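Asks: Sequence:
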Amino acid sequence: MAIRQGAPDGADTFDLCVVGSGPAGLAVALACGGRGHSVIVLEAGGGGTGSPATHPVLIVDTITHAPLNISTRAGLGGTSSAWGRLCVPYDPIDFVERPWVPAAAWPVTYADVARWHAEAGRFLDCGTVFEEAESAPAAIDAVDTGQLGQLARDVGLGTAYHRTLAASRQITVCLGTRAVDVVCDPTGGHVIGVDVSSAQGAKRVLARRVVLAAGGLRTTQMLLALARAWPLHFAAGRAPLGKYYMGHLTGEIATLVFRDPGRASAFLYGCDSQGRWAQRRLKVPPRCQTANRLLNIAFTLRAPPLDDHRHRDGALSLLVLLAACPGLARLVRSERLHESLAALRREDRLHHLRNILRQPAATLRGISLLAGLRARNLPITALNGSGRYSLRYHAEQLPNPESRVSLEQDASSLVVDFRYHPDDFTSVVRAHERLDAALRTAGVGHLEYHAARGQPLDLVRTLASDGYHQIGTTRMSRDPASGVVDPDCCVHGFPNLYVASASTFPTSGSANPTLPIVTMALRLADHICATIGRDAVAASLPSCRLLVPEPATGAVF
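Numbering of the sequence shown is given in the working numbering, commencing with residue 11 and proceeding in unit increments.
To be clear, the hints were calculated from the coordinates, so they are not data collected in a lab.
None of these values were measured; they are calculated from a predicted model.
Glycine included, C-beta positions come from ideal geometry on N, C-alpha and C.
Any given hint could be a false lead.
In silico SDA-like pairs for lysine to any residue, Cα to Cα no more than 25 angstroms straight-line [unchecked claim]:
{"no.": "1", "residue 1": "Lys213", "residue 2": "Arg544"}
{"no.": "2", "residue 1": "Lys213", "residue 2": "Val193"}
{"no.": "3", "residue 1": "Lys213", "residue 2": "Asp191"}
{"no.": "4", "residue 1": "Lys213", "residue 2": "Ala421"}
{"no.": "5", "residue 1": "Lys213", "residue 2": "Ile69"}
{"no.": "6", "residue 1": "Lys213", "residue 2": "Asp270"}
{"no.": "7", "residue 1": "Lys213", "residue 2": "Gly261"}
{"no.": "8", "residue 1": "Lys213", "residue 2": "Ser178"}
{"no.": "9", "residue 1": "Lys213", "residue 2": "Gly247"}
DEER-style ranges, computed between Cβ atoms [claimed, not checked]:
{"no.": "10", "residue 1": "Arg238", "residue 2": "Arg214", "range": "14 to 22 angstroms"}
{"no.": "11", "residue 1": "Gly464", "residue 2": "Asp191", "range": "43 to 51 angstroms"}
{"no.": "12", "residue 1": "Leu68", "residue 2": "Gly543", "range": "38 to 46 angstroms"}
Start from the sequences and build out the full structure, keeping to the hints where you can.
Replies: Below, the structure written as structure tokens:
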């Protein structure tokens, strides 16, 4: 087996065909290949650091949805080549029924998923501890501070696993090989393989099982095409395929001001003995979410608004003045910083200069620290004497059936109509209010809204944009009429077709989805290996047709 260009010649039938080599696809392929099963991985891109995905997509609202050439990557490792490395699990509250979050029922529990967290952490090389006991410096009454956002050490999984894949005897990786269609037997009872195109021409890859792991949008596009060919297998068109498209709301609308500036140190990036970086998150506890009917949300500290001289940090002020000089701005590679300079006034520059000159030695030490953070690809966030930090939120989006993707009439491209619900915005603002109240009651600090930039609700609405996380369009359910895949991520109506993607998640949670994606992919791989084992046993029994009932939709093989 090998990493090669184009699909192999011949009529070999693989145990498993995986479409896509991103985090989900590689996790499934390596787990199944490691157990001795033959696996072929189809990757449309090459083997470099990743290039923008090229499948045709029409985005209805380009303000709320990022263009695909920014939000996706093709190539070995998929979007992990442009990934921010943050690894966080979903929370228990994400899996339970919440009356204020409609159409959000998961058919699996937190316990069903959590058993795979440690293995997912090892696969992503981010560590295996995502919750810590709340130490005295971090604990805040009525605020959950136990969760850590772990950073993976390798940015690109294609690079991290290239040698393993190249040496595998069970896994064949086909680069530059675009999956065109999922192919069924004449009755549509089960999938027999995937038609592909490459520089070597069109071919058919045969497989006993197929996993679609090509990212949320591309995976949904392939299933939408399959549904046109076999509508009865998708609950006669009643299945919500393509609906409930979700991402997250992110941004900064307030500054957290600590009463004791030193207390902020517990919420900045820290490194463990294994060289892994992590940052503690502030969260609204489940009981408060329930009492106030809030969506899930997490907060992290970032550098204070850099144009605001009140942070009194000489190193940050020096960055501001450098970025404000046309000839030196290119030295400061920070979109966030450049965006903040629009309102910089002459008197602000004088205040920043005073920050630099007030303690020159501290300014030099700060510049060294910030340079080290940038070298490690970490946000510019360091302890400052003012105790002022911008508060970044990462918030859940409601499942909304009007937010959806669909095929154009001729199936030539995907139409993306990504929408937010007004409750998404109000929940973010109300969560800030609850956090502010908790900080004040505990005597820890308070929030100051960025009033000069607009009202909080308007700011949240303006900042709302996603397209990176692609959640919900092939949602999981027990009932084929209310979802697309079953609790084992098998597509309803197709007993050997699976999906490994955040598109199967019924809710978006507050977590960045990469770790949950890998968690569910490893769970899926375990299920697939178990079914392969059961099939092997059944095939060895002369009377297996009598002992094993036929599935309702026809025999698997």
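Asks: Does each hint fit the structure? Answer for all of them.
Replies: A quick look at each hint next to the structure:
For the hint pairing Lys213 with Arg544, the CA-to-CA distance comes to about 30 angstroms; that exceeds 25 angstroms, so the pair is violated. The hinted pair formed by Lys213 and Val193 meets the criterion: a straight-line CA distance of about 12 angstroms does not exceed 25 angstroms. Only pairs whose Cα atoms come within 25 angstroms are accepted, and Lys213 paired with Asp191 is accepted, the gap being roughly 11 angstroms. Annotation: proposed proximity of Lys213 to Ala421 holds, straight-line Cα distance about 20 angstroms (limit 25 angstroms).
Annotation: proposed proximity of Lys213 to Ile69 is violated, straight-line Cα distance about 31 angstroms (limit 25 angstroms). Distance check on the hinted pair: Lys213 and Asp270 sit about 65 angstroms apart at the alpha-carbon level, beyond 25 angstroms; violated. For the hint linking Lys213 to Gly261, the alpha-carbon distance of about 45 angstroms lies beyond 25 angstroms, and the restraint is violated. Among the hinted pairs, Lys213 with Ser178 is consistent with the structure: their alpha-carbon atoms are about 23 angstroms apart, no more than 25 angstroms.
Restraint check for Lys213 and Gly247: not satisfied, since their Cα atoms lie roughly 30 angstroms apart, outside the 25 angstroms limit. At about 19 angstroms, the CB distance of Arg238 to Arg214 agrees with the hint of 14 to 22 angstroms. Roughly 47 angstroms separates the CB atoms of Gly464 and Asp191, a value that falls within the hinted 43 to 51 angstroms. Against the hinted window of 38 to 46 angstroms, the Cβ-Cβ separation of Leu68 and Gly543 comes to about 44 angstroms, which satisfies the hint.
Hint compliance for this structure: hints 1, 5, 6, 7 and 9 are not met, and every other hint is.
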